Structure formats: structure tokens, C-alpha cells
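Peer 1: Residue numbers (the working numbering): 1 to 364.
By construction, these hints were calculated from the structure, which means they are not laboratory data. Among the clues, some could well be false.
[To be verified] Have a look at the derived ranges for each label pair, beta carbon to beta carbon:
hint: 1; residue 1: Glu55; residue 2: Val157; range: 20 to 26 Å
hint: 2; residue 1: Phe228; residue 2: Gly251; range: 49 to 55 Å
hint: 3; residue 1: Ile221; residue 2: Ala303; range: 53 to 59 Å
hint: 4; residue 1: Gly266; residue 2: Leu36; range: 47 to 53 Å
hint: 5; residue 1: Lys176; residue 2: Arg258; range: 31 to 37 Å
hint: 6; residue 1: Asp301; residue 2: Lys341; range: 28 to 34 Å
No experiment lies behind these values; they were computed from the predicted model shown. Quick reminder that beta carbons are idealized off the backbone N, C-alpha and C, glycines included.
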Amino acid sequence: MARLRQLLHPVPLLSLLALMACKAPEPPRSRAQFNLLSPTRVSFQDQATYQSTLESISNVALAAEIDGRIIAMAMQEGQWVEPGDDLFTLDQVQQQAQVNASAAEARKDRVNAERYIFLNDAGAVSTKDRDYYVTQAIESADKLRADTATLDYKHVVSPIAGEVGDIQHKLGSVVKEGETIVNIVDNSKLWVRLDVPAELAYRVKPGLRVQLRAPGSPELIAEGAVNFIAPSLDHNSQTLLVKAGFENPQGDLRDQQRVSATLSFGANTLLSVPVGAVLLQAGKTFVFTAVTPAQAEKALDRALKPKPQRGQLVALQVPVTLGLPQNGRYPVFKGLEPSSKVVLGSLAQLRSGMVINTGSKPKS
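Let the sequences and hints guide you as you build the complete structure.
Peer 2: Here it is in C-alpha cells:
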């Protein structure tokens, strides 16, 4: 029994607790592991992106040139037509009646003119009377030719090669002069309008590359070049109209299709970091860098408590100025040096002054 009391004597236990109390506490350390990397220089495209609409270079709206009823329609929606192909035909009952009346009037005036020419040669009428009837014959002949030419308007043919669009009237419909019947569209060549801000206008040159993407998609769908630059800026918007042309031999793109157009001015080699290394807070961008405890205390203007062990690195949140991301990396304009050690990982778990867990043990 005495032996048991000796084993349970409180002195050794108190001594153990005292030793534990003397040991320095561990500094705050994230449980998550992080990777460290240095910013690298990569090539970034110097570019600007605009939302625009594709337009066909060859797009003709065909309208009726006279009033009439559609009595024949050779075209079909989606059909490919060549110049001169028949599209639709209008009846011209009234116009034909007008031509017949003009022809009768022209015949009468011609007979009168011939008679007065004969009488004038015989001295029976004055030259003035002869000239009056000759003038009437000339005017009525001209009217007959004009009315006859109008008859050709009943046959409407395609002026260009292209695809028949939406037919806005049916067979048998009555249409008025100037009323659009159909559009003929050739999508083999397209262009986009870019309204470039005045501050970038001096950088625009013919031949600059323009890339098209579907809105919200990174996939490239076409590539073209600047082929028109307006000679002056728009007075109200202070933008420069720029057009870029695109070949579309397969017809994959369509007239009036909304696209995202990227105008490339060139390329620059800049310091960069992965998008995963950037932390967004209150509309500002930051990265965490791994620094020595001394560097962190100087930057934070306070002592780190508890003090990190020798060889440990601590996090320091640094504000950075970045450009738009390309290929998963941000260009860095301000805030980092090539020698900086950038932290990559679950950044929401980090705070300035916190020991970075990289998976390696600190030196004792």
C-alpha cells in the first residue's frame, strides 16, 4: 500500500505541468496546406472587346415598284437564287389598261402630226400649228414608252446571288408600291461595327486582327481584320466607327447575329499570377505573399504574437493592380516583384501574420 501511495505522489505530476506551462505556445497556423509560386512573365494580348452585331455585306430588301396582286411566286424561303432569277410576279390589269390607252393616244397624235406636216408642206396650215401637233405626237410616244417599261415591274427578279429570307406576303396578296416583299441575303461575307472610344482611336489601324466569339463564350468562332476606319469621330458619342470584315464560306454565321468582337492592338510581356491566387474584397484585388516574420512585422507595424518558429513563413495580404485575365492568368501592373512568393490555395482561410502551412516542418 505504501508503494502505491509513493507512485501516486503529487510532486512528479506538478513538475510535469510546470514544464508544459513553460513551453512557448504555437503561433496561429492554418490547417489547410498552401503552395508557393513566383510571378512569371507571359505574353498578354493588348485588346479591347465590344458587343456588336454581324451584318451581311450583300443584303437587298425587295419591294414592289407598283401596286398589284401577287399572281405567281417562284421563290421559296431558304432557296439560293442567282442574279436574274424570277422571284414573284404581280398582275397589272390597271397598268395594262393604261398602256393600251397610251398606245391609242400615241397613234392618234402620230396621225395628226403626219397630217399637219402634209398640210404645212402644201401651205394650208401654219408652221406653228404643225409644230404643235408634232410636239404632241412626241410627248405621247414618250409616255407610251414609259408606261410600257412599267409593265416590266410585274416580274421581280433577284438583283444579287443570295438566300431567300422570310417572305412577308403570300400568293394572292395585294401589295402597295414600296412595300417590302422579301430580303435576299448573302452571308458569305460579313462585317461588324465597332464603336471605339476616342481615347483608343489613335491606335486603330487597317489590318488589325478582330476575333469573334459568342457572347459569354470563350470559343473562337471567326477571325477577321479591320477594313474600314471612319474619317471622323461621332460628335455626340465621341466614338470612332470601325468595321471589320469576315469570310464565311460555310455559312456558319448569320446576318444580325449578336457577337463579342475583340480588337487586338498587339502583345505585351507582363508579370502575371494565376487567377486562383487573387482575392477580391470590397471591389479591390489582393494576393497573399509569403514573407519572413521580420518582413511581416515591419509591414504590419506590430509584433507577431506568438512569435513564429525559425524558418516559418507568414502570410501578408498585399493590394495589387491587375488587368483583365487571359488564359487563366492576371497581368500584374503594380504590387508584386518577380522575387515575390505568392500563396496559392484556400485564401479565405488566411490572414496577415498567419503562419503558412506548406506541408514542411519548421526547423527546431
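Peer 1: Take the hints in turn and mark each one as holding or not.
Peer 2: Structure-based check of all given hints:
Taking the beta carbon of each, Glu55 and Val157 are about 24 Å apart, inside 20 to 26 Å as hinted. Between Phe228 and Gly251, the C-beta spacing of about 23 Å breaks the proposed range 49 to 55 Å. Taking the beta carbon of each, Ile221 and Ala303 are about 58 Å apart, inside 53 to 59 Å as hinted. At roughly 33 Å, the beta-carbon separation of Gly266 and Leu36 lies outside the given 47 to 53 Å, and the hint is violated.
With their beta carbons about 33 Å apart, Lys176 and Arg258 fall inside the hinted range of 31 to 37 Å. Remark: the range hint 28 to 34 Å for Asp301 to Lys341 is contradicted by a beta-carbon distance near 21 Å.
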